[in-house]
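Peer 1: Given next are the chains, with one letter for each unit.
Number of protein chains: 2
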Amino acid sequence: MNIILLSGGSGKRLWPLSNDIRSKQFIKIFKKEDGTYESMLQRVYHQIKKADASATVTIATSKAQVSAIHNQLGSDVGISVEPCRRDTFPAIALATAYLVDVMKVNPEEPVVVCPVDPYVEDCYFEAMKDLAVQADKAEANLVLMGIQPTYPSEKYGYIIPESNEYITYVKTFKEKPSADTAKEYIDQGALWNAGVFAYKLKYVLDKAHELIDFEDYYDLFAKYGTLTKISFDYAVVENEDKIQVQRFKGQWKDLGTWNTLTEAMEESVIGKGIINTQSSGVQIVNEMDIPILAMGLQDVIISASAEGILVSDKEQSSYIKPYVDNIEQQVMFAEKSWGSYRVMDVETEAMTIKVTLNPGHSMNYHSHAHRDEVWVVLAGSGRTVVDGMEQKISSGDVVTMSTGCRHTVIAETELKLVEVQLGKEISVGDKQKYELEY
Amino acid sequence: MNIILLSGGSGKRLWPLSNDIRSKQFIKIFKKEDGTYESMLQRVYHQIKKADASATVTIATSKAQVSAIHNQLGSDVGISVEPCRRDTFPAIALATAYLVDVMKVNPEEPVVVCPVDPYVEDCYFEAMKDLAVQADKAEANLVLMGIQPTYPSEKYGYIIPESNEYITYVKTFKEKPSADTAKEYIDQGALWNAGVFAYKLKYVLDKAHELIDFEDYYDLFAKYGTLTKISFDYAVVENEDKIQVQRFKGQWKDLGTWNTLTEAMEESVIGKGIINTQSSGVQIVNEMDIPILAMGLQDVIISASAEGILVSDKEQSSYIKPYVDNIEQQVMFAEKSWGSYRVMDVETEAMTIKVTLNPGHSMNYHSHAHRDEVWVVLAGSGRTVVDGMEQKISSGDVVTMSTGCRHTVIAETELKLVEVQLGKEISVGDKQKYELEY
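Respectively, the protein sequence lines represent chains A and B. Here the numbering used here is used: the first residue of the first sequence is 1, the next is one more, and so on. Here the numbering used here is used: the first residue of the second sequence is 439, the next is one more, and so on.
Treat the hints loosely; a few may be bogus.
Below, computed lysine-lysine pairings styled on BS3-like, alpha-carbon distance capped at 25 Å [said to hold, decoys possible]:
| id | chain 1 | residue 1 | chain 2 | residue 2 |
| --- | --- | --- | --- | --- |
| 1 | B | Lys774 | A | Lys272 |
| 2 | A | Lys424 | B | Lys830 |
| 3 | B | Lys487 | B | Lys774 |
| 4 | A | Lys321 | A | Lys229 |
In case anyone wonders, no lab produced these hints; they're calculated from the structure. These figures come from a predicted structure and were not determined experimentally.
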């Protein structure tokens, strides 16, 4: 099975756990059997691999998410990187071309496109296999997955099918109706549009060539910035007469807000937290190293990270976006391909961060034009390269790097260090990368 | 006017702002005219100085609070340090002897003893002057301040006066009655006992000599650890027939819990915080550098510090003590006589703290038996002395100190530095102090 996972942009609806560079799909919030936690991305990826160990999974995403994806899924996963955001049609076209031209998949094979963040049971991925089989039959150009509605929601699009069969042709689509209208649709057998669909690779490639002048994946990638923003629904679905839909009756949740996310959480406390017995419906998700104490609260979500602290009535939590948009703040933590970092302290002309490198990983070889840096190794061992000079480092070692000097650190074991940045203009953008030759 | 301020022990009722070494009186929570904040201690001290610029103020407290008091009030304030806690009678006797033997105050002069944490208007301190004048008249051996009750509280002791005059003799005391009984007392003109009283220094000195075998302040200090724990009420008040009470009708609040403390706060947000319009009665006290967002909450206090995060229904906040007692945690921040420190990160064999030294101040000259240390200067300038070698330091400088090496840092301007502690056994107790000779 070929799968394209659409990994969407930065969402602030799950602030403070999501931020400008960490989208909700990367938050580790779902308990695994071994007691550790995994993210939506990890959960979905492992579910796919469980349903089909040989599945070719390609994640369509922006440059900003590549590090986090490699950090969470390892370096083997296929990623179709969008050089910039151009809406879903260019993104799906690029990922499709990636499968054919880079992964060398036969254009006659089907692919299933799926958002990265559904909260579903394993049977959902079995249904995805049926979807691929159905697309392969070519009775229609597109096969959608329709979710059996559980209530007349106003926030989903509805698919009106021609019949009540498991697989049937689509009569028409209805965008987010009122609750009353939604109820009528449901009575007629309508289904929620979950944004999952399958097609033969060739079908979307042909559509792409109709609309965009390009040679192959590499050419499309090169001119990606010049493409017009257009959604897949608008560019393809609305103009397609031959669409089928396959019904899915299992549990399906869209975990877009704290309210829905906490419903899917198995525990009331993740991280350090205490809830007193006079509280009910309280959930704590705490990424900080200090305890949270909740007393006498009802139906409240409390979440803390290096970015901030949210305390919200569960229902009200759907409305956080405008408030969070007003919080202007530098990114306080990030997952990178080589590990992670967390801002510990900010002074006018100094910033202190904690860097954790995964074993065997290293930063880019780089320099800064406007700041000096000092590393103090807290734990682990590895090597630094500073202006071409290699040096072994371990706990307690200090490395000083002046403005302009080229440097990197390579972790042998897990390596933790304090990095003090010193300068009048400290910014993430002040970074010149080099090839490491030594 | 001579004043003894009783600065009580560590309270956890205002966790996470109070901790094992920072008592509630040190929390900066009251807005001054210039927009900055002051603590209960600072507020009371400045109110006393406003009422009587020449007042001799002695703070009776434990060793653990001395640094914080000097940090908040400067080095001029008199402190009677209790070598260990021995309840209020030994503490008041020691402070009284301190006034006579160290401050050389005439034993015939009166003194007013007052807790450090009443939340009162300036007129309260005018009333304290009256109290001193009354004690000086020696119509009674003790003159108490009685607070005009505003409701039949069950949590205060009641003073039953002989008449309804401004100053009158005390008939008897009643400890924390039921609300019904309290109401009867109030109808009879009873007053709350605020723990404020005045006497001639000689009176308590004589009582002390009756009960304890000692020469003078220095001798009493030396044998303090051998004294029996006994309260001033039990040792003195209960055996005294000649006690007067002076009525105080102004505003008086005892800020012992979050519920009462937030009533006294002028603003709903101290520090970084946003409260949405669907919330009411929400107050935020945030000492962290990250924002708190409160959505759709009613009558909730949210407080965050390096120690932890409290989110509590205001009424429930009175019951936090047992929960906080169960949170075992190292002290994450502290005010010292030379400045302050904050723990930024804890690893198994490494701890990273941020140290801020006030201009002109320095740490003790000291060494550690079980850890190396590294300083990275973030801001400011000063000098270090390491094993007798003096060195100028400023932003960006790195100082490494091996186990056993003697070191200190002297701030010329305000000096901020990151200190990384490295070793298998990192503890606050691992500290050997030396005289600095260079």
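Peer 1: Does each hint hold? Answer for all of them.
Peer 2: Right, here's what the structure says about each hint:
For the hint pairing lysine 774 (chain B) with lysine 272 (chain A), the CA-to-CA distance comes to about 28 Å; that exceeds 25 Å, so the pair is violated. Restraint check for lysine 424 (chain A) and lysine 830 (chain B): the C-alpha separation of about 21 Å stays at or below 25 Å, so the hint holds. The straight-line distance between the Cα atoms of lysine 487 (chain B) and lysine 774 (chain B) is roughly 24 Å, inside the 25 Å bound, and the hint therefore holds. For the proposed pair lysine 321 (chain A) and lysine 229 (chain A), the alpha carbon gap of about 24 Å is at most 25 Å, so the pair holds.
When each numbered hint is compared with the structure, a violation occurs for hint 1 only.
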